[in-house]
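Enquirer: Residue strings, one per chain:
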Amino acid sequence: MEALPGERELIRKFQSGDASVFVAIMNHYEPYILGLLTRLTGDRTRAEDLCQETFLKALKGLSSFRRDSSLKTWLFRIAHNAATDQIRSQEPGSDSIEEREEGGLQARSSAPSPQARVEEAQMQKAVEEAMASLPQSQREILHLFYWDELSVGEIAGALRMPEGSVKTLLFRGRNALRGRVLNLVPEVVS
Amino acid sequence: MNCNDFIQILDADLDGDPPPAEWSGHAATCPRCALVLRLERTLRSAPRWAESPRLSARSRAAIVSVAGATPMFWRHVAAMAEEAAVSALVGAGMVAMAIYAGPSLWTGAVPEPVRLAVSPYVQPLFSEIGTVGAAFEPLLHQGWGVALISLTGFVVLFAAALSTRALSLRPAG
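Protein sequences appear in the order of chains D and C. Per our numbering, the very first residue in the first sequence carries number 1494; after that it's consecutive. Per our numbering, the very first residue in the second sequence carries number 7; after that it's consecutive.
Hints in this document: simulated from the structure, not taken from any laboratory. Among the clues, some could well be false.
Here are the simulated lysine to aspartate or glutamate pairs, EDC-like style, with alpha carbons at most 20 Å apart [to be verified]:
id, chain 1, residue 1, chain 2, residue 2
1, D, Lys1618, D, Glu1500
2, D, Lys1553, C, Glu88
3, D, Lys1553, D, Asp1536
4, D, Lys1618, C, Glu57
5, D, Lys1660, D, Glu1642
6, D, Lys1553, D, Asp1542
7, D, Lys1553, D, Asp1578
8, D, Lys1553, D, Glu1502
9, D, Lys1550, C, Asp17
10, D, Lys1660, C, Asp17
11, D, Lys1550, C, Glu88
12, D, Lys1660, C, Asp11
13, D, Lys1553, D, Asp1511
14, D, Lys1506, D, Asp1561
15, D, Lys1550, D, Asp1578
16, D, Lys1553, C, Glu89
17, D, Lys1550, D, Glu1500
The structure presented is a predicted model; accordingly, all values stated were derived computationally and were not measured.
Next up, chain C with everything else stripped away, as it sits in the complex:
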C-alpha cells in the first residue's frame, strides 16, 4: 500500500467507522500518513475533547420567557394561519393563471389528437367551470367586482388550507 491508497481508503470512509486497525499498518512506516491518521482519529474523537458550550443564563431566560409568554393555543393558530395564508395566496395565483392561460393553452398547445381523446373526460368539467364563470362575469364589470372575486377565492382557499393543516395535526390513532 502506498500513500495514495492510504488516503483514498481514508477519504472513502465518510459515513462509516474509523479505519480498521490492520489498514493502519502503512502508517507505521510512513510518518506523513501516520500524522494524517492521527489527525483523522483526533477529528473522530472531537465530540469528546471539544468544548461543550452553553448559552448564558440571560439568553436562556429570554428564550424560556418567550416560550411561556404566548398561550400555546394562539401560537398554534398563528402558525397554522400563516402557513394557510401563504398556501392560499400561492393557490389563488395558480388558479388565476390557469383561468387566464388555460383556454388558450388548451386550444393552442395541446395537439388535436390528444385534445379529442381527452375531451370526453374534461369537457363536463370545462362546462361546469364555464357555467360558474358566467355567473360571476357581471361582477367583473362592477367597481369592486374583481376585488370581491379575488377575496372570495382567497377566503375559500385559505379555509381549505387551514382545515387541511388542522386535520393533519391530529394525533394518529
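So here's chain D without its partners, still in its complex pose:
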C-alpha cells in the first residue's frame, strides 16, 4: 500500500480546523478499508455500511489522534473493530462462524473445478475462492498482509495482538490457503 503523501501535514491541518482534508484521507484509504471489510463480511452492502461507520468514527476521533500509531494502522483497527462488533452482534458465537466456514469449504472443494489451463486469472480465482472459505481471523490477516501490504508489525498494531500471534496466524493462514488452492488448482492443471 502506498503511503498517503503529506499525511502528517494533512492530520495537522485537520486538527487545526480544516475538515476538508478528511476527504483526501478518505479517498486514499477507502479502497483498502472497503476491500478488507468486503473480505471479512463477504457482503458488499454490509461492507459499505461498515466502511461508512469506520470513516465516521475516524472523523470523530481524528481530532484527538495522537500519532502513537500510523494513520493506516489506526484506520484498520477501527475497521477491524467495527466488523468484529457487527459479526458478533449478528451471529453470536464465533465458533459457529468458524464451523459454518469449514462446512462451506467442504462444499466448495467438492464443487466442479475449472477445466482450463492454469492461467493467472484462474489462479486468482482459485485464491479468491480459497480465501472465502478460510476462517475470519486467517482471512483478515492474509488480506492485510498480501492485499493491503501491511507488515507483520503494522498488522499487530492494527489488530492489537503480539507480532508472534500475527506470524502464527499468518503461517496457519498460508498453510490453509495453500491446501485449499492445491485442492482446487490441480484439476485446472490437468
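Guided by the hints, dock chain C onto chain D, whose structure is given.
Expert: Using the frame of chain D, we list chain C on its own:
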C-alpha cells in the same frame, strides 16, 4: 533442497521481498512446489490484480456531509472533553482507592525497615494530606458532603486532564 526446505524458506520470508530467483530452482523440478510458488507470487501481486472497491456516492456524501456539519472547534472541544472526562473519572477512582486503602497498606503491607527508610521523605506529604483531609472531614458528615467532595475532585481532575490534552495539541515549534 527438498520440498520441506522449500516451504520453510517461503514461510520464513514474512516481511521481506519475494523469494530469490535461484531459490526457485527447486520449483522447476517439483510440480507441487511450483504450484506453491505460483500461488505465493499471485498473492504477492494481489494489490495489482485485485479489485479496488470504492464507496457509493451516497455513502461518500453521508460522510462528507458529517465532516462539514459540525464546526471543527466544537468537534475538538467535544473530543477533548470526552477524553478528559474519562481520564478524570479513572483518576478520581484511583485517588479514592488510594485514600481508602493507602493508610492500611502502608502500615500493613510495607515492611518495617522499608517504612522507616522511606518515612523521612513521604511523611511531610502524608502530613499535608492529613491537614487537608481534616479540613474536609466535617463535610463528610453533612447530607451532600460526599457528593460535593466527589464533584470537586472530579472537576479538578477534569480541568487538569483537559488542560494537558489542550496543550499537547499545540503544534511543536
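Enquirer: Regarding the pair D/Lys1660 and D/Glu1642, is the alpha-carbon distance no greater than 20 Å?
Expert: holds, 14 Å
Enquirer: Given the hinted pair D/Lys1553 and D/Asp1578, is their alpha-carbon gap at most 20 Å?
Expert: holds, 18 Å
Enquirer: What's the verdict on D/Lys1506 and D/Asp1561, does the C-alpha distance respect the 20 Å limit or exceed it?
Expert: holds, 18 Å
Enquirer: Would you mind confirming whether the straight-line C-alpha gap from D/Lys1553 to D/Glu1502 stays at or under 20 Å?
Expert: Answer holds: D/Lys1553 to D/Glu1502 is near 18 Å, not above 20 Å.
Enquirer: For the pair we were handed, D/Lys1618 and D/Glu1500, check the Cα-Cα distance against 20 Å.
Expert: violated, 34 Å
Enquirer: Regarding the pair D/Lys1550 and D/Glu1500, is the alpha-carbon distance no greater than 20 Å?
Expert: Holds, because 18 Å separates the two Cα atoms, which is no more than 20 Å.
Enquirer: Check whether the Cα positions of D/Lys1660 and C/Asp17 lie no farther apart than 20 Å.
Expert: With a Cα-Cα distance of about 10 Å, the restraint between D/Lys1660 and C/Asp17 holds, given a limit of 20 Å.
Enquirer: Does C/Asp11 lie within 20 Å of D/Lys1660 when you go C-alpha to C-alpha?
Expert: OK: D/Lys1660 and C/Asp11 at ~19 Å, within 20 Å.
Enquirer: Assess, step by step, whether the Cα of D/Lys1553 is no farther than 20 Å from the Cα of C/Glu89, and give holds or violated.
Expert: holds, 12 Å
Enquirer: Could you grab the alpha-carbon distance between D/Lys1550 and C/Glu88 and see if it respects the 20 Å cut-off?
Expert: holds, 14 Å
Enquirer: Keeping to a limit of 20 Å between CA atoms, is the pair of D/Lys1550 and D/Asp1578 held or broken?
Expert: With Cα atoms ~14 Å apart, D/Lys1550 and D/Asp1578 stay inside 20 Å; holds.
Enquirer: Tell me if the straight-line CA distance from D/Lys1553 to D/Asp1536 falls inside 20 Å.
Expert: Judged against 20 Å, a Cα distance of about 26 Å means the pair is violated.
Of the numbered hints listed earlier, those contradicted by the structure are 1, 3 and 9.
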